[in-house]
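*Asks:* Protein chains in written order, with this note's numbering: chain A, 15 to 328; chain B, 15 to 328.
Hints were generated in silico from the structure; no laboratory data involved.
Misleading hints may appear alongside valid ones.
[Said to hold, decoys possible] Computed Cβ-Cβ distance ranges for the label pairs, DEER-style: (1) B/Thr85 <-> A/Leu263: 41 to 47 angstroms; (2) A/Glu39 <-> B/Pro197: 55 to 61 angstroms; (3) A/Arg179 <-> B/Arg138: 40 to 46 angstroms; (4) B/Gly96 <-> A/Val174: 29 to 35 angstroms; (5) B/Gly96 <-> A/Glu231: 36 to 42 angstroms; (6) B/Arg82 <-> A/Arg119: 48 to 54 angstroms; (7) A/Arg119 <-> B/Arg138: 36 to 42 angstroms; (8) A/Ala313 <-> B/Ile309: 37 to 43 angstroms; (9) A/Val174 <-> B/Asp278: 33 to 39 angstroms.
For every residue, glycine included, the Cβ atom is placed at its ideal position computed from N, Cα and C.
Number of protein chains: 2
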Amino acid sequence: MIAVLSGGVGGSRFLQGLVRVVPPEEVVAIVNTGDDEEFFGLYVSPDPDIVTYALGGIVDEERGWGVRGDTFRWLEAMRRFGHETWFQIGDRDLATHLYRTRRLREGATPSQVAGELAERLGVRARVLPMSDGRVRTVVETEAPRLPTGRGALPFQRYLVQRGARDRVLGLRFEGAGGARPAPGVLEALREAEFILIAPSDPLASIGPILALPGVREALASRRDRVAGVSPIVAGRSLRPPAAELLAGLGHEVSALGVARLYRDLARVFVLDREDAGLTPAVRELGLEPVMADTIMRDAAAKEALARATLEALG
Amino acid sequence: MIAVLSGGVGGSRFLQGLVRVVPPEEVVAIVNTGDDEEFFGLYVSPDPDIVTYALGGIVDEERGWGVRGDTFRWLEAMRRFGHETWFQIGDRDLATHLYRTRRLREGATPSQVAGELAERLGVRARVLPMSDGRVRTVVETEAPRLPTGRGALPFQRYLVQRGARDRVLGLRFEGAGGARPAPGVLEALREAEFILIAPSDPLASIGPILALPGVREALASRRDRVAGVSPIVAGRSLRPPAAELLAGLGHEVSALGVARLYRDLARVFVLDREDAGLTPAVRELGLEPVMADTIMRDAAAKEALARATLEALG
């Protein structure tokens, strides 16, 4: 069994590759829920949904999120009612959130609901939200005062509503210290043959998972079986806000900056061929650098990246 | 000011005609909410929505309900999750229910929400749900035993899910006796120059409104200013289940059967020219029969029916 720590878009693409390399049934995705948010009274869990859509074959591959070919009629109608509509939820996508919201009200846990959604979409890998507790990723910024406190923005507001344009002063995962990893998470980390940290935002996507009690320790204690993959290529992130967060919080915006964050947790570190020059510094951190093409342009590239990562560990 | 008791499709068409005859600001529609239902955790109020869509110019004129040109993508996605999807809610329509559900959770009343929706859709007439309390129209049938009790079907299940095919044994309006008419309803009935009973289902649509404390009395006391319009033409109803309910509950399935229901409440009774033969019997009931074309095929027909009804009173 292979456990994968994952955020949304980057992680889901990596997982798409992985399930072509190993039997999907042997993959457990442990997915960030710090970005979860309520919109219009609906509980939206963006990263687990992206992963489920991607593995279920219905994701909008171009955007990386949402359902392929989806429309936004309900949202257009909502705009007419004067509602905030900065968070783009498609008509088909909406069914997922209605389903989740209803099941949660009925008393189901987020991980039960994630399992049901995955099953309905024919996903054979296991998709585990990182916790059934509520963890809120909050970005402290220089944005004007908000109801959430001076410049403190819930993650989706920071990223989507304000386009990650505010200078970042801090990042916190509210509730993470008291939230238990979801049933199966620590077991997966204990029993996995390998643990992979997907090329997701190391701070905003992987950070909340690592902030849960026992997770960081679980990786550190099995460090020789862990590989991390850099989402930063040539000093840039493919999508915001990984670079913005690294910079704002005083990290180097490079694969090396990411490697430093993973040095105690992983033995192997996968970085892009473009960053070949960083391998000596990565090695100096005590990590085994592995070069690969990390930009997952198509199915073959996703598969190759997953294969290279596994081979480096194996 | 003109007060109109209305159900969904038939009533909304009548109201479309009326606002072409008198200034829309002078029309108060008092709309049945006994058919309200929760689907997927959303509070759906079919009749007030139909009226609002019709007066807002966005109704699907062909079907008589929902939003013109709407799609059903979210519902198709919901089907995939194994949910019941017999109640057709379109993508745009859905925004209305999400909006309402959210506002009700925030503590708004149904009549406040109806006012907000009408305003957003540019409706100048007043759309009043009959009550801010919960009234449930239940049809007692010969259907197999259900969780609601032996053959007792909430109205939408009877009409939409089961296609009004079960023999009707009874009809009740749960909660009506203890539900107060919404703010403005009794005032409108007291102060209206005329009160019109739209060509809606007399039992299932007008019945719940009349069952509210004070409404029947309000009409009876102003009977000389009240006109009822028959939804039954030549012994048939244009849409189910008016005929089915009349028959099941032992009434004559004809304009005369409807006239008997309204005899204590109205002075004028409008029936279709096809039913000319019934006028003596209607007159014998103490009602003034008025012949008109009651099948509202187009805008001109709607307007003509409203005009004929008002002229008979005036």
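*Asks:* If a hint holds in the structure, say so; if it does not, say that too.
*Replies:* Hint check:
1. B/Thr85 <-> A/Leu263: 41 to 47 angstroms: 44 angstroms Cβ-Cβ, so the 41 to 47 angstroms window holds.
2. A/Glu39 <-> B/Pro197: 55 to 61 angstroms: holds, 59 angstroms
3. A/Arg179 <-> B/Arg138: 40 to 46 angstroms: holds, 41 angstroms
4. B/Gly96 <-> A/Val174: 29 to 35 angstroms: Distance hint for B/Gly96, A/Val174 holds at roughly 30 angstroms.
5. B/Gly96 <-> A/Glu231: 36 to 42 angstroms: holds, 39 angstroms
6. B/Arg82 <-> A/Arg119: 48 to 54 angstroms: violated, 32 angstroms
7. A/Arg119 <-> B/Arg138: 36 to 42 angstroms: holds, 37 angstroms
8. A/Ala313 <-> B/Ile309: 37 to 43 angstroms: Given a distance of about 59 angstroms, which is not inside 37 to 43 angstroms, the answer is violated.
9. A/Val174 <-> B/Asp278: 33 to 39 angstroms: violated, 60 angstroms
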